[in-house]
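2 protein chains.
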Amino acid sequence: MALDPRVRKKLIRVLGSDYVKDDPITCYSYRCDGLTLHPAEPQAVLYPADRDQLVAAVRILSEQGISFLPRGAGTGLSGGAVPREGSVLIEMVRFRAIGPIDPVNRTIEVEPGVVNLHVSHAAQPHGLYFVPDPSSQKACSVGGNVGENSGGPHTLKYGVTVNHVVGLEVVLPDGEVVELGGPAWTTPGPDLLSLFIGSEGTLGIVTKIICRLTPLPERVHTMLAVFGSVREACESVSAIIRAGIVPAALEMIDRIVIQAIEQTIGAGFPTDAEAVLIVELEDLREGLDAEAEQIETILRANGAVDVRQAADEAERALIWRARKEAFGALGSISPSFYTQDGVIPRSALPRVLERILAIGAAHGLTIANVFHAGDGNLHPLILYNSRDPAEIEATHQAGREILETCLAEGGSLSGEHGIGLEKSHLMDGAFDEVSLNHMKQVRAVFNPRELLNPGKIFPQPGRCGELKGRPGDAAAQLRAKSGIRV
Amino acid sequence: MALDPRVRKKLIRVLGSDYVKDDPITCYSYRCDGLTLHPAEPQAVLYPADRDQLVAAVRILSEQGISFLPRGAGTGLSGGAVPREGSVLIEMVRFRAIGPIDPVNRTIEVEPGVVNLHVSHAAQPHGLYFVPDPSSQKACSVGGNVGENSGGPHTLKYGVTVNHVVGLEVVLPDGEVVELGGPAWTTPGPDLLSLFIGSEGTLGIVTKIICRLTPLPERVHTMLAVFGSVREACESVSAIIRAGIVPAALEMIDRIVIQAIEQTIGAGFPTDAEAVLIVELEDLREGLDAEAEQIETILRANGAVDVRQAADEAERALIWRARKEAFGALGSISPSFYTQDGVIPRSALPRVLERILAIGAAHGLTIANVFHAGDGNLHPLILYNSRDPAEIEATHQAGREILETCLAEGGSLSGEHGIGLEKSHLMDGAFDEVSLNHMKQVRAVFNPRELLNPGKIFPQPGRCGELKGRPGDAAAQLRAKSGIRV
Chain G
1 MALDPRVRKK LIRVLGSDYV KDDPITCYSY RCDGLTLHPA EPQAVLYPAD
51 RDQLVAAVRI LSEQGISFLP RGAGTGLSGG AVPREGSVLI EMVRFRAIGP
101 IDPVNRTIEV EPGVVNLHVS HAAQPHGLYF VPDPSSQKAC SVGGNVGENS
151 GGPHTLKYGV TVNHVVGLEV VLPDGEVVEL GGPAWTTPGP DLLSLFIGSE
201 GTLGIVTKII CRLTPLPERV HTMLAVFGSV REACESVSAI IRAGIVPAAL
251 EMIDRIVIQA IEQTIGAGFP TDAEAVLIVE LEDLREGLDA EAEQIETILR
301 ANGAVDVRQA ADEAERALIW RARKEAFGAL GSISPSFYTQ DGVIPRSALP
351 RVLERILAIG AAHGLTIANV FHAGDGNLHP LILYNSRDPA EIEATHQAGR
401 EILETCLAEG GSLSGEHGIG LEKSHLMDGA FDEVSLNHMK QVRAVFNPRE
451 LLNPGKIFPQ PGRCGELKGR PGDAAAQLRA KSGIRV
Chain D
1 MALDPRVRKK LIRVLGSDYV KDDPITCYSY RCDGLTLHPA EPQAVLYPAD
51 RDQLVAAVRI LSEQGISFLP RGAGTGLSGG AVPREGSVLI EMVRFRAIGP
101 IDPVNRTIEV EPGVVNLHVS HAAQPHGLYF VPDPSSQKAC SVGGNVGENS
151 GGPHTLKYGV TVNHVVGLEV VLPDGEVVEL GGPAWTTPGP DLLSLFIGSE
201 GTLGIVTKII CRLTPLPERV HTMLAVFGSV REACESVSAI IRAGIVPAAL
251 EMIDRIVIQA IEQTIGAGFP TDAEAVLIVE LEDLREGLDA EAEQIETILR
301 ANGAVDVRQA ADEAERALIW RARKEAFGAL GSISPSFYTQ DGVIPRSALP
351 RVLERILAIG AAHGLTIANV FHAGDGNLHP LILYNSRDPA EIEATHQAGR
401 EILETCLAEG GSLSGEHGIG LEKSHLMDGA FDEVSLNHMK QVRAVFNPRE
451 LLNPGKIFPQ PGRCGELKGR PGDAAAQLRA KSGIRV
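Chains G and D supply the protein sequences, listed in that same order.
Going by the UniProt record's numbering, the first sequence opens with residue 1, and the numbers climb by one from there.
Going by the UniProt record's numbering, the second sequence opens with residue 1, and the numbers climb by one from there.
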């Protein structure tokens with residue numbers, strides 16, 4: 001599928017011929033984002049240079065009734081940047097301006113293509129940083145963080161992206177431009193700013209972001225607690241919270257992930273442990289040691305066989321490198337894995353972790369766990385072989401059972417990865433019909449013809465017949481059976 | 001205006017005869033909330049006992065096309081609970097259940113009529129509290145806090161109500177019930193929870209609130225800095241923030257308010273000072289003293305003539321009592337005052353404060369200031385005599401000029417008091433037409449006939465002819481002239 005020649009001509013007039021691509025190789029290379037299970041090709045890829053070019057391109061597509069969607073770095077895990085229905089993909093990679101920084105009001109203006117970590121680098125000379133720190137922070141874009149309302153290990157203390165963005169400039173699906181919020185950090189009237197953050201590219205395309213910056217902690221203390229059972233590690237999480245402590249981060253890694261980390265990164269984690277907890281404290285200079293001691297006492301009382309305190313910045317950096325590259329490390333032990341993102345009240349951690357292992361066992365699948373324990377934000381990683389159709393089917397089924405378990409515990413379908421196209425078929429189980437209808441109507445206020453990023457978030461009625469994929473594509477057949485629609 | 005007898009009969013069947021009132025004295029007593037400048041009487045007041053009664057009453061009113069609105073404690077300052085167009089007022093005072101508390105997940109479920117401070121009292125045995133702390137916290141209701149997205153002195157460190165509420169149960173204007181958010185603290189899909197918080201009772205009536213609780217600080221350090229000029233106090237605010245410090249609170253009080261406080265409460269504030277700053281730090285045990293010293297150095301370098309450290313909890317409590325009762329204390333020096341609520345980037349504080357004093361001088365009015373300096377959230381208090389029509393007119397004009405100054409500085413119309421009916425005529429200057437239209441359409445998704453709380457937030461086109469008020473009512477005539485519509 002390629003662009004209609006008249007449309008291509010109009011787009012080239014606006015963007016230049018280098019920035020309108022609909023050749024098969026380009027389209028093929030954009031067929032998935034971080035979610036590889038549901039590929040779909042765009043009919044073309046556009047690379048606007050600035051807001052005015054974007055507006056002009058959006059107006060052309062909108063007039064022609066051609067659907068489109070933005071794409072940041074493509075690291076999303078729920079398929080938010082996968083073009084359904086042959087939509088035109090708008091690459092935001094050329095929106096790279098950073099600054100200016102305002103150190104008194106603690107804000108920085110950035111364009112959406114800026115890499116997350118580069119915001120903190122720019123703010124560092126002022127003793128400030130941008131808090132949201134997903135594992136992909138070396139690659140993911142701030143625009144994508146806004147779309148998915150991204151979190152990270154430090155969500156526990158500091159909240160998610162919506163807590164760290166005070167203003168947006170947005171291009172609506174009809175090409176109109178609006179500013180939401182602003183440097184004064186408040187938004188009277190219905191809060192369209194919070195509505196946009198986390199709307200997964202279904203309400204508008206962000207072209208400018210005013211980020212809120214936070215002072216760098218004066219001192220950080222990182223410790224690693226080693227456990228002989230996952231249950232003890234989970235119970236330690238509740239015990240730390242119940243003691244009134246607010247760690248900056250509280251992360252759990254299980255044995256399978258520890259072994260993968262040790263095979264690739266070599267962080268010195270004990271390979272005979274069933275689980276480790278990373279606990280990070282940060283704050284004023286002198287108070288830390290007492291709190292670290294208190295936490296060590298709690299950890300040992302809950303069964304920790306060893307508690308190591310990071311002696312220096314190098315040791316701390318290694319622990320975090322291991323945590324953030326853990327997903328990649330799993331490549332060393334499994335050809336493919338499927339990352340889940342469910343949330344539960346943290347008090348339910350021990351029993352839900354046991355249930356996840358049981359779900360894996362029932363399907364003959366190994367499930368690894370590395371996640372934001374303090375927030376109750378699970379990331380079960382289902383290991384599977386992508387060449388084995390039976391394993392793919394079992395993987396989908398196990399994923400669905402895990403998320404249904406989260407819902408049954410009063411939890412939710414996603415903590416930070418979004419619904420995208422991955423979990424849209426589960427939204428019926430997560431929300432009542434009245435809520436879903438109101439959500440759809442709110443989307444329709446901004447995106448009435450659903451030209452922008454169609455087929456995301458909400459269940460798609462009766463679309464089984466439209467399954468894409470090559471004839472004989474085992475994955476597509478299995479998706480059909482498992483009820484997941486491409 | 002009283003209820004149609006058929007409607008009264010239906011409502012009494014649902015609520016009981018004691019809980020449907022439309023006698024003149026009841027209606028008169030509900031003609032205003034904390035904003036006294038724009039009174040309007042309801043046609044009746046209802047007192048439902050629980051959600052089911054509320055739903056039944058809302059269905060009756062909705063079927064009859066009678067407008068209605070909820071009222072919490074009536075402490076709001078922008079007229080959000082003032083019944084325009086003879087709406088029926090729904091008193092939420094009987095929704096008083098507190099609990100249960102979940103200390104591990106740090107949540108508490110409360111009904112909307114619960115007084116703000118009572119939430120923290122209930123949580124205290126678990127070492128937890130509910131952060132939002134408006135000056136009215138001894139009286140205001142949590143439902144009102146949700147409606148207005150209330151702040152308080154500790155907004156600087158902890159954010160406003162939207163950061164401390166994780167779930168709501170809401171009755172929509174047609175009587176349908178929806179749950180938004182929940183104990184897992186996340187809301188995938190379009191974020192209706194954040195949309196509701198701060199919607200000023202225009203989207204639905206809240207019947208249950210899951211509050212997020214926060215650990216009580218281990219130690220608090222409060223200091224009072226004395227200045228010979230407002231400018232020096234303002235510049236100290238920027239200097240503290242620029243140093244990378246995040247105080248828990250950073251409040252400014254000017255000479256006029258200091259004198260009123262000393263005449264009534266007697267907090268020992270120096271009556272010859274032009275301004276004082278309250279700076280509060282809280283955190284780990286040992287680190288505080290060093291940070292307090294650093295702040296004292298900054299304050300003195302910026303012109304503080306004295307810096308007092310609260311020696312004990314009693315001294316701290318007295319400082320905060322003075323701050324929180326400052327509005328009341330002004331009654332000792334002026335028959336009436338009008339509280340403004342504008343926000344500016346904090347770096348603009350020095351010049352905006354000077355501009356506010358100039359606006360007061362130009363209109364022959366005294367303007368006092370007591371406000372959240374760290375957030376740039378101003379509360380200019382315009383002192384006036386409510387029996388002097390010329391002063392009322394000048395007060396409206398000065399208020400408008402102050403808010404226009406905030407907008408010109410990149411600020412906003414409200415930090416925590418809302419738009420209500422007070423500032424709806426200024427929204428055109430604060431938002432572009434595209435944004436306003438989308439806000440109205442979002443409201444229409446939930447409140448399509450505008451039966452719920454009509455005439456709030458958005459400018460009312462061509463309604464001057466409908467001015468209410470007794471013939472010869474000077475205030476009403478002046479409102480007409482000043483462009484503010486009742």
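A portion of the hints provided could be inaccurate.
Put simply, identical chains are the same to the list, so a pair is met inside one copy or across any two.
[As the list claims (entries may be wrong)] DSBU-like mimics (lysine-lysine), calculated; alpha carbons at most 30 Å apart, straight line: (1) K9 <-> K324; (2) K324 <-> K440; (3) K138 <-> K208; (4) K157 <-> K208; (5) K208 <-> K9; (6) K9 <-> K157; (7) K208 <-> K440; (8) K9 <-> K440; (9) K138 <-> K10; (10) K208 <-> K324; (11) K157 <-> K324; (12) K9 <-> K138; (13) K157 <-> K138; (14) K138 <-> K440.
Because the hints were derived from the structure by calculation, they are not lab data.
In this text, all values refer to a predicted model and were calculated from it rather than measured experimentally.
Comparing the hints with the structure gives:
Within a single copy, K9 and K324 get their C-alpha atoms no closer than 44 Å, and across copies no closer than 65 Å, so neither meets the 30 Å cut-off. In the homo-oligomer, the alpha carbons of K324 and K440 never lie at most 30 Å apart, since the shortest distance is 35 Å inside one protomer and 43 Å across protomers. Taking CA atoms no more than 30 Å apart as the test, K138 paired with K208 passes inside one copy only; the shortest distance there is 20 Å, against 41 Å between copies. For the homomeric pair K157 and K208, the shortest alpha-carbon distances inside one copy (26 Å) and between copies (26 Å) are both at most 30 Å.
Taking the shortest alpha-carbon separations for K208 and K9, only the intra-copy value of 28 Å comes in at or below 30 Å, while the best inter-copy value is 56 Å. In this assembly of identical chains, the alpha carbons of K9 and K157 never lie at most 30 Å apart, being 51 Å within a copy and 53 Å across copies at closest. Proximity of K208 and K440 under a CA criterion of 30 Å is satisfied in both settings, with 25 Å inside one chain copy and 24 Å between copies. For a Cα distance limit of 30 Å, the shortest separation of K9 from K440 qualifies neither inside one copy, at 34 Å, nor across copies, at 38 Å.
Within a single copy, K138 and K10 get their C-alpha atoms no closer than 36 Å, and across copies no closer than 63 Å, so neither meets the 30 Å cut-off. Proximity of K208 and K324 under a CA criterion of 30 Å is satisfied intra-copy only: 27 Å inside one chain copy versus 38 Å between copies. For the homomeric pair K157 and K324, the shortest alpha-carbon distances inside one copy (18 Å) and between copies (28 Å) are both at most 30 Å. Taking the closest pair of Cα atoms, K9 and K138 never come within 30 Å of each other, the shortest separation being 36 Å inside a single copy and 66 Å across copies.
In this assembly of identical chains, the alpha carbons of K157 and K138 lie at most 30 Å apart whether taken from the same copy (21 Å) or from different copies (28 Å). With identical chains, the CA atoms of K138 and K440 are never at most 30 Å apart, being 34 Å at best within one copy and 39 Å at best between copies.
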